[in-house]
Amino acid sequence: MTEKTSSKEIKINEEMKGVVMARIDAQVPSNLKLAIGGYGVMNKEEMIEHIKKGDEVGNQIVKRHILFLKSLASGEFTRAIASVE
Amino acid sequence: MRKGVILTLPCYDIVTEYLSAFSQKIKIESEKKGVFLKLLNKEKANKREFEKVINKLDCKLIVFNGHGSDDSIKGDKGEVLVKLGKNDFILKNRLVYARSCEAAYLLGRASVKNSNGCFIGYDLPFEFYFNSEWAANPIKDNFARPFLESSNLVPISLIKGNSSLESHERARKQMLKNIKKILRSKTQEAFFIAESLWNNYLGQVILGNQKAIL
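Top to bottom, those sequences are chains A and B.
Read in my numbering, the first sequence has 41 at position 41, and its numbers run on one by one without any break.
Read in my numbering, the second sequence has 171 at position 86, and its numbers run on one by one without any break.
Honestly, the hints are just simulated from the structure, not real lab data.
It should be emphasised that the depicted structure is a prediction, and the values quoted were computed from it without experimental measurement.
Some clues are possibly wrong.
[As the list claims (entries may be wrong)] Heads up, simulated DSSO-like pairs for lysine-lysine below, C-alpha to C-alpha not over 30 Å straight-line:
1. A/K70 x B/K271
2. A/K70 x B/K258
3. B/K265 x B/K225
4. B/K266 x A/K70
5. B/K162 x B/K137
6. A/K52 x B/K137
7. A/K17 x B/K271
8. A/K70 x B/K262
Using the sequences and the accompanying hints, generate a full structural model.
Here is the structure:
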């Protein structure tokens with residue numbers, strides 16, 4: 001199973017969206033922009049707006065956040081980081 | 086097939102401007118190693134020119150910068166350069182690195198079927214953060230650097246003569262090192278930068294011949 005498939009399998013709920021929006025609001029500085037594939041470029045306000053709308057890019061931002069948290073919880077991230085000097 | 090590199094450098098929006106700016110290091114490495122390099126700059130990164138150059142120069146390594154989808158890689162102003170089922174045969178038996186979103190997922194897999202070639206690319210959307218204050222001078226942007234310099238290691242390592250697997254692993258290892266460094270910095274945005282690098286780390290895949298060399 002590829003990561004793309006597992007990303008597609010994540011079901012997004014309002015609670016998840018709320019958590020991600022709160023983190024973006026608190027931790028992403030206003031001069032930082034995200035370039036995400038063919039979805040284009042966006043600042044923190046635009047990221048939050050996409051998540052609120054629940055459009056494709058908004059869902060993508062939430063899904064990759066959940067994937068990251070899953071990698072942290074499973075130990076995959078920690079093992080990978082520990083493998084490099 | 087000759088030992089040489091074709092490098093596409095579309096440059097028509099902020100994403101392609103950053104990819105092009107950071108690709109200068111690929112150019113420098115080719116010159117240093119005396120490896121033939123053909124640049125397809127800006128509007129030259131179109132389908133007609135690309136196919137002409139491939140047929141005429143027959144270079145083994147193709148490095149794509151630009152937008153993409155799971156079945157295509159794009160060039161100048163989003164013009165499709167390679168499309169699954171149309172002209173993907175052009176990639177057969179070559180070494181390909183596509184810094185294009187998701188192109189590995191269908192196009193990459195198809196291109197290495199019944200082929201001795203290798204495709205290194207992304208199953209997920211390739212992403213990076215950048216500082217809007219440096220948008221006019223991308224190369225000085227320290228937010229974009231860990232994303233684009235680590236991914237640069239795929240073609241740079243291939244040009245140095247390393248195998249496709251080694252080149253793929255070097256780039257991924259550098260992504261992990263960058264994540265570690267960023268998390269240690271404990272800056273406000275560190276978690277988000279790390280999350281995006283992790284996305285690229287997970288998304289980068291090697292398909293086909295893992296022993297392929299330039």
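### Task
Assess, step by step, whether the Cα of B/K162 is no farther than 30 Å from the Cα of B/K137, and give holds or violated.
The given pair, whose Cα atoms are some 19 Å apart, holds under the 30 Å limit.
### Message
For A/K70 and B/K258, compute the direct alpha-carbon distance and say whether it is at most 30 Å.
### Response
holds (20 Å)
### Satisfaction of hint between A/K70 and B/K266, Cα-Cα up to 30 Å
holds (21 Å)
### Message
Just to be careful, I want the Cα atoms of A/K70 and B/K262 compared with a cutoff of 30 Å; is the pair within it?
### Response
holds (20 Å)
### Query
Taken at face value, is the distance from the CA of B/K137 to the CA of A/K52 at most 30 Å?
violated (46 Å)
### Query
Is the hinted pair B/K265 and B/K225 satisfied, with a Cα-Cα distance of at most 30 Å?
holds (21 Å)
### Query
Taken at face value, is the distance from the CA of B/K271 to the CA of A/K17 at most 30 Å?
holds (24 Å)
### Query
Is A/K70 within 30 Å of B/K271, Cα to Cα?
Satisfied, since the Cα-Cα distance of roughly 21 Å is no more than 30 Å.
The structure fails to meet hint 6 from the earlier list, while all remaining hints are met.
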